[in-house]
Structures are given as C-alpha cells and as structure tokens.
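Visitor: One letter stands for each residue in the lines below.
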Amino acid sequence: MIIAERKPISEIISIIGNNKKILIAGCRSCASVCMAGGDREVATLSEALGLYSDLNSLGWEISEISKERQCEKEWAREIAEEASSADVILSLGCGVGVQFIQEVSGIPVFPGLNTSNMGGPEEQGIYLEKCGGCGDCTLHLTGGICPIARCSKSMLNGPCGGSQNGKCEINPDTQCAWDAIYQNLKRLNCLEMLSEIIPPKNWIPSRSGGPRKIIRKEMVLSEDEKKIKEGLE
Amino acid sequence: MNDCSILIICCEKMKETVERASLENSAVLALPCLGRIDEAVILRAFRKGADAVIVAGCVEGNCKYNSGNYQARRCVNEVRDILEEIGISGERLEILNLSPNQAVDLVNLFENMKEVVLRLGHPDILGAER
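Going line by line, the protein sequences match chains A and B. Residue numbers for the first sequence follow my numbering, so the first one is 1 and each next one is one higher. Residue numbers for the second sequence follow my numbering, so the first one is 1 and each next one is one higher.
Careful, some of the hints might be misleading.
Stated by the list, open to error - Some chain B residues close to chain A (C-beta under 10 Å, calculated; not the full set):
(1) Ile-42
(2) Glu-78
(3) Val-79
(4) Leu-83
Claimed, not checked - The following residues of chain B were derived to be distant from chain A, with all beta-carbon distances above 12 Å:
(5) Lys-15
(6) Glu-19
(7) Arg-20
(8) Glu-24
(9) Leu-29
(10) Leu-31
(11) Cys-33
(12) Tyr-65
(13) Asn-66
(14) Glu-94
(15) Leu-98
(16) Ala-103
(17) Leu-109
(18) Asn-112
(19) Val-116
Claimed, not checked - Derived, one-sided and incomplete: chain A residues facing chain B with beta-carbon distance under 10 Å:
(20) Ala-43
(21) Leu-45
(22) Ser-46
(23) Gly-50
(24) Asp-54
(25) Asn-56
Treat the hints as calculated values from the structure; they're not laboratory data. All C-beta atoms in this analysis are idealised placements derived from N, C-alpha and C, irrespective of residue type, glycine included.
Please work from the sequences and hints to get the whole structure.
Guide: Take a look at the structure:
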C-alpha cells in the first residue's frame with residue numbers, strides 16, 4: 001500500500017490561499033489504512049479548517065466527500081462532479097489520487113498529504129517502507145526482505161560494516177536489513193543462499209527511463225471495445 | 001468573566017458522576033463509550049462555542065469495552081496538536097480518568113479549566129492568543 005501523512009495544517013491553509021469553497025476529498029484505500037485520508041481524517045480536517053475559518057472570519061465553505069479510491073478515473077470523475085461548485089479540491093489521497101482527480105477536473109486539485117512510500121503498518125500508527133519499486137524484484141533471494149528499500153545503502157550483498165547488533169549505523173531505531181535477511185533465511189532453513197553473490201541489478205526497469213508504464217496486452221481494450229464502453233457511461 | 005461554557009464529554013458509566021457534580025455553565029455529552037469519540041466531535045464543540053472541553057472517562061484499564069479510554073486519550077492528544085496548529089491553546093482541552101466516587105477530581109479540573117478560560121478569553125477573541 002501507499003504510505004502518506006497529512007501535511008501540517010499551516011501548510012494546507014497556505015496552499016488553500018484565497019479560495020473560499022473547498023471540497024475535501026478522502027480516499028478509502030491506502031490513505032485510509034494509514035490513517036491519513038479516510039472518512040475520519042476528512043471529517044477532522046474539515047472541522048479544523050472550519051474552526052480556523054470561523055476564528056479568522058474567512059467565510060470558507062467546506063464540504064466533504066470520500067470514495068473507495070482516487071486512483072481510478074471512475075471514482076475521480078465522481079469527485080470532480082461533486083466539486084462542480086467548489087473553488088478547489090483538497091485531496092487526502094496519495095499523489096496518484098491528486099493527479100487522477102486533476103486529470104478529470106476543471107478546478108485546481110491541491111494535495112493535503114505528503115506521499116512517502118510503498119510499505120505497510122508494522123503496528124497501529126507505525127508504517128514502514130517495504131518496497132523500493134525497482135522493477136526487478138529479488139525478494140526470492142533475500143528471505144522476503146527488500147534490500148533496496150530497507151537497507152540504507154540498498155546493498156544487494158550485505159551487511160556492511162555499519163551493522164551493529166542488528167541495527168543500522170544511520171539510526172539505532174533502524175533495523176539492519178541484512179541482519180533481518182540473515183534471520184529470515186535462518187528461520188526458513190535457507191542460510192546457504194547467503195553464500196551466493198547476487199549479481200549487479202538490472203536498473204533499466206527502475207526510474208532511469210522516466211515514468212514507468214506496464215502494458216498487459218491481453219487486458220488492453222480494442223478501439224471498438226473502448227467505443228462500446230464509452231457509450232455505456 | 002463568569003459565563004464560560006465548558007463541554008464535558010463522558011461515557012455512560014461516568015454520566016451520573018458528571019451530573020452529580022452539578023457544574024455551572026457546563027453541557028454534558030454522554031457517549032456509550034469514549035471509544036466513540038473522534039477528533040471532529042471535539043473540534044466541532046469549539047466551533048459551536050465551547051470555551052473548553054473536558055473528556056471524562058473511566059480509569060485506564062477499567063473500560064467496559066477494554067480500550068475506549070485509551071483511544072480517547074490518543075484522540076485528545078491529536079486534537080491538542082491541531083488546536084495549537086490553528087492558533088488555539090491546547091490548554092482548552094483536558095482528559096480525566098476517574099472512578100464513579102471521584103467527582104471531586106472532576107470539580108477540581110473544572111475549576112482549573114475555568115481559570116484557563118478566564119486567562120485565555122472567549123473563542124471570539126481567540127485571535128489574541130496568537
């Protein structure tokens with residue numbers, strides 16, 4: 001899932017600027033799970049901004065909407081339609097959601113969250129990056145732990161000399177990914193895998209080629225199908 | 001200033017204790033459990049004119065529904081941060097864990113909150129706080 005956190009309210013207020021009618025749009029997927037942009041957080045931000053507006057006589061009109069996902073055009077369109085009388089949409093979805101809504105909306109869409117990484121909850125309120133999205137997965141070689149995302153140096157063969165008692169030298173709270181890889185391989189009775197040197201990685205599918213696009217040919221609609229689908233909408 | 005209005009949000013278990021304390025210029029919002037409280041409810045209370053809010057629930061570890069009072073404490077802490085962010089003193093919000101025979105603790109906190117409001121002023125002059 002995508003991990004994000006709410007921007008400081010002072011920054012959100014600054015982003016809103018002189019706009020008066022604000023639609024706060026929540027996302028019930030990743031942003032909801034990381035407690036940054038679900039229904040509850042939308043209601044909280046709505047009241048907080050309303051209170052700020054009341055105190056400063058700004059006359060903001062704030063409305064709320066949440067959809068199952070912002071990162072699909074169908075949902076994004078519904079949000080855009082709801083915002084027909086608004087000046088701006090303040091999205092509490094991830095950066096992908098903001099862009100999807102902006103694509104179909106004629107009014108500005110502002111981000112209310114800072115999107116951070118691909119990860120998951122370690123426990124309630126604690127989220128850890130898990131995947132570097134490198135496009136060339138090697139988790140089968142590393143005990144199911146991503147060295148790209150979780151090793152501070154993204155080392156493919158570790159640990160380095162900065163690993164001390166299972167912790168990384170950059171921060172005593174940061175687990176050494178290669179220590180974790182060792183522990184996991186030991187648990188899986190696969191320690192012999194550590195004797196294999198992982199060769200240099202293929203970075204071509206990573207960020208070096210600009211925005212990445214994956215095409216699943218069998219799923220792409222033909223032009224005729226697209227016309228039929230558009231006719232149904 | 002004697003007419004400050006303080007909202008007391010409590011759980012069903014504490015409702016009788018809160019009402020027995022007969023606190024002047026207060027309103028009581030009783031929820032089935034403090035676990036039901038959310039940030040928006042507290043913020044809305046300030047928007048509706050509350051000078052301060054007290055969240056009163058049972059002693060931690062003694063919640064009928066296990067963890068409602070712990071959830072409420074997290075919620076209160078978050079709202080305090082939000083209030084400070086928008087220029088309202090977090091002192092206007094307090095949480096109290098008490099047992100049914102400790103109404104005096106609530107009365108003492110209520111008096112303290114009245115003093116806080118007296119010092120900080122009504123919400124319509126909150127701008128002066130910043």
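Visitor: Which of the numbered hints above does this structure break?
Guide: Every hint satisfied by this model.
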